[in-house]
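This is what each chain is made of:
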Amino acid sequence: MNRHLISIADLTRDDIERILERAESFAEVSGREIKKVPTLRGRTVINLFYESSTRTSASFEIAAKRLSADTVNIKSAGSSVDKGESLKDTVQTLSAYDPALIVIRSPHVGAAGLVAGWTTASVVNAGDGKHEHPTQALLDLYTLRRRVGTLDGLKVWIVGDVLHSRVARSNILAFGRMGAEVTVCGPPTLIPREVEALGCDVRYDLEGLGKADVVYALRMQNERMTGSFVPSLREYAARYQIDGRRLGPNQLLMHPGPVNRGVELSGEVVDSPQALIVQQVESGVVVRMAVLYELLMGGGDSGGARSALHAATEPQPA
Amino acid sequence: MSAPELKLDRAERGGPGADLLIRGARLFDPRERLDHQTADILIRAGEIAEIGDALEAPEGAETLDAAGLHAFPAFVDPHVHLRTPGREDEEDIDSGSRAAAAGGYCQILAMPNTDPVVDSASILQSLRERAREEARVPTGFLAAITRGQQGEQLTEMAELMDSGAAGFTDDGLPVRSAGVLRQALQYQRLAGGLIALHEEDPSLSAGGVMHEGAVSALLGLGGYPAIAESTMIQRDCAIAGFENARIHLQHLSARESVTAVEQAKQACVQVTCEATPHHLCITDEAVQSLDAGRFKMNPPLRSDSDRLALIDALRSGTIDCVATDHAPHAREEKEQPFEVAPMGVTGLETAFSALHTHLVLPGVLSLETVVERMTSGTEPFGLSVPRIVTGARADVCLVDLAAEWEVGEAGYASRSSNNAFAGQTLTGRVRMTVADGIVAYRERSFAIGAV
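Going down the list, the protein sequences come from chains A and B.
For the first sequence, the numbering used here gives the first residue as 26, with consecutive numbering after it.
For the second sequence, the numbering used here gives the first residue as 64, with consecutive numbering after it.
Excised from the complex, chain B in its bound form (with noise of 0.2 Å):
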């Protein structure tokens, strides 16, 4: 089945949108086959109007001088927190979506592990409807597969998706029965809307705080072991499969899992997959700090044996995409010892600079890959994806890739500051990002107006 166009919601500020004109940026879109190559960009009422050599600005329109800046389509998120309703000291839609455009994102999932959880069709229209006044960017909302992610009773998900869900998730936990999942993939046929999946068998993760190795034994911290990931995933492709139903695999962690993705996809089953930026950039030995703010998530960060083979599969496509798992919290929270504090990290404003800085800059995974593995995350949830293109409305990114900056403890956009690559230099820095044809985000820094 394929999926229908989703709708996103974003506030109405910018009107129809920009006129804008891009002079001189380094064009990178490698589905356009734009490739380094410099050009204007003229965007008018939010849509790229036309690309090419010394274009004139038509009156009213601002003209920007990007010379230096590499363009590239805005990325997309499938994986965010908003923590609204609920927890709106760590993160509001306002909040969450200035991190994403302040990150280069033109479009954001929203999880539905809230509270309360999004798992009814008046929760939903009230989350929409404050993102049409609150959003910077373009976003939608999961709504859970189970009532309450309870794991027992469906969601209203026909209802849910006529209400303009971006699809189901039970993030945060597993769906511990084989039996209810099955019948939400079976349900899938009438209801549509991706199923997406946090895969963690619980019996093998109770009581784990940090990958089960060497750093653990060290520690004395209860052990998740990669097989709690790897063999969840099994279950539930082996379930997909059988009812030909399309599943969406969060926050891969583990090679164990890349193992079983690389095998459901050669027996055909329905499969995309993401990873994160931490668990692409960073291991185990981290957690040697005991520094939950910075590296206690869930899956947990694992050895550089199990990165090495997310990074060979988001090369080789086997993973679909990057997610950040924006996970906010608040600081008294974190600043607990490494047992009691909550799971996840801030993750919106440093992803590109992040995979830039670790993968890019030292020949690990080509610029190229990057950059399609960071805007194709919401296409298997019916979006479309963001390109360079005349005709298409205006999701651009500005970004200096040689900038250097240092990630610090405070000047985030997100209220929360649990940020994984926190005291990390890193290079590449997003300047402006144009959202769904408005400009969403632009670095103080960064000049505006006529040159």
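Chain A extracted, bound-state conformation (with noise of 0.2 Å):
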């Protein structure tokens, strides 16, 4: 595997097995009442956040700091981007401390991969505007395999804003790479012209959900509102909205948080066993730990990585 992780299309589909693999492990920490192991001790995390974020934020540094790394957050506001450094020098600067890896969130496509070229450091995309959002898509397939065992052949429908969507990206891409079908649904107008390139088939309304497995429901942004993208948001429930008539009693049910109930999920979906949204969020902190530890841990290729893999100690507690 790369020194980075920039894009799920860097990723093998072993490699993300090795992934999930090491987020099981890593599961077994989060369930003792220590949680902490030192594979990272005496090293630096650098969790760098141009947008707002909780969930992906709190996640990041939590497992950090279960690995016993040192962390340090750095958020645009407060920081000297307000007096208007330049990404590059910014990078530039924080890996002056020499970090062993710097975690990224910018509001524009391609600042990971820009920041992997101004560092010695590791990078994790955190999102990177509308392009992608790894880590959210390999904790999806985490929370998704533990529930289904293997997603071959899983049929999986992402609904909603595809358009300004990382994380439909990210799982358009890493739900193909693991065996299943995907389709696109949503008003046309939040669908990507030509998106049917990353694999996926595409509907513009929800004829045909009932075949789906999984429901994957995307965020749909208000902000999306002030332009003509959709009439209005009650048109949008009433078109796109997975409520309870939707959603059928086998089908799972997945959202990458927040939830705005009401509008894409209705509260009585949100709040039903077939919601994994939770265990998504529980999810996260394990899969970060096993892409911190593969990344600092897992050595140059993957052959290396693979090997690390069966042979390097096993997590112990602190």
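Since the hints were made in silico from the structure, they are not lab data.
Keeping only pairs whose Cα atoms sit at most 16 Å apart, straight-line, the calculated EDC-like set for lysine to aspartate or glutamate is:
hint, chain 1, residue 1, chain 2, residue 2
1, A, Lys90, A, Glu58
2, A, Lys60, A, Glu49
3, B, Lys328, B, Glu306
4, A, Lys113, B, Glu398
5, A, Lys180, A, Asp238
6, B, Lys70, B, Asp499
7, A, Lys113, B, Glu396
8, A, Lys113, B, Glu395
9, A, Lys61, A, Asp95
Put the two chains together into one complex; each comes in its own frame, and the hints tell you how they fit.
Spelled out as structure tokens, the structure:
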């Protein structure tokens, strides 16, 4: 595997399975009273967030701390970014402190890739604009795999604002890598032209949703309502909201959070046992632990990483 | 209305012109039916005095062994950005015209989207004065169509033409209002001057930073659809036809635009148009690298089917000429995320080499087509086409068609390095350029002096 995690497209199925298995082993650590292993003791992880975030930033910090890394959290507000420092200068400044890894979230496509070119640290993309959010996709795979075993042949519908969603892009690639059949569904104004090239089918209405094993609803962002992407939230909800009538009893429901109750999901399905939304949040920590481990301890190439998986020390209590 | 002869400006450092005997070059000028024949060219006081075999060098003339090199009529570029006034850190008249000379160019026309915008006679005159001090090759300046390129009020087009404007454009921006464009085209009957148009419907391109298609879907970048260009071309050709006006369409990028121009030409609209080397050689697949320095420009790189349509149109003459849209940008501005970085790439120093490598060598376009289209772009503005013919001012470039070179990160005559072909190995290199009778460029490794 690469030294960085920028895009799901950089990962093979083997890479993904190795990360998910590693996450399983960390799940055991998370069940202990003292949830900490010394793996990354003495290493520094910098979380550089240019966008607001609750679950991603918190879970990266917790993951790093459970691996005994030192963490530094930098948010654009209150930092030199406020004084007009460029991304390149900020990254080069932070790199002078010799971090092992930089987690970057940016409102701009490709920011994580640029950062990787400016630092000797490993880089994890925690969301780059509308491009990708690979750790979200990995934790979604982890959550789903725990529930259903294998993803091969599974039918997944991703419903909502695909155009503006980095989660959708990473998940179309990730579910596809793991053998699932992906369909994206939403208003035609919110489905990118030629999105089929990513390896998914396209539907513009929920007819046929019954065939899905998994319904993955995307967050409908309120700011999209100011343009004319959809005429009104009311019409959007009427056509695309996943509610108790539309979600069958054997279908699973996922959502990257935070949920707009009453818009993309009705309250009843959020709270139903079919919903994996809470499990997705829980998975965030162990999957991000596994990503940090793979990038920092997994070896330089896939061969080395694979042997590391089998031979390296298993997590030990601190 | 036929365009009056336009005068460009250049520095007078060369005196009346070079005395030069170019010996043994292979002459290639499709308009003069010169088809690779080996001959000598004698230039006296900047004029082609004689073309023939075994010419004698007059006393004081430099003799230049050009064996193995091709002599082409030097190229012309109707679309460059010299960033002066305002962003001289990115380019100035000296560096931009040096870049032109290094690319084999003998005439360039600069766009007015500077700071301040070239929208008054006084700004235009000060630029022309600087060009008379600094320009290595004859340089002309287009003036804005509307004041401040705001798209609202016409500039003093008649006075600007009297002051030597090379034409009019709001390049970088479309003329949004059909009504304003119509008035500019009506006013052309008084003022003269070709009106060059950047064709983009901002309501369709809003938020777009690359071609809308599979690659933008993958990257999550805002899409700039082909129809943002082609629908505006249809609108503007309709208005030009109605007003019997002359327009020139800048940097065509899309298949749909080619169709629109074909239809307009069939309907006898007086329209000419250009395409850039980067749109002819590179597609939106390159944007996967997210390298804004090389691959972000307006209009964006499009799909391969668009690229092939542009090539076909260049061959057939639907697209009249090649223009570089040479657009220098500061390194720190290009070293930003793709969405944030400014649009534009440099291209003067690589235009011929890129077209030769990507289109001529693989047999896609003939050398004849490339040379013709690279020498025709300023004719619609009222300039004469460079020719290798006795009696003409010497506008000649010497090119080594076999030379391979790597387009690097540095080493440009331009002040900026955001070249679309950076990192590529190209075949064919300009060794020397004579522009308006003066040696404007000579490659350092190229022998100087008598043989």
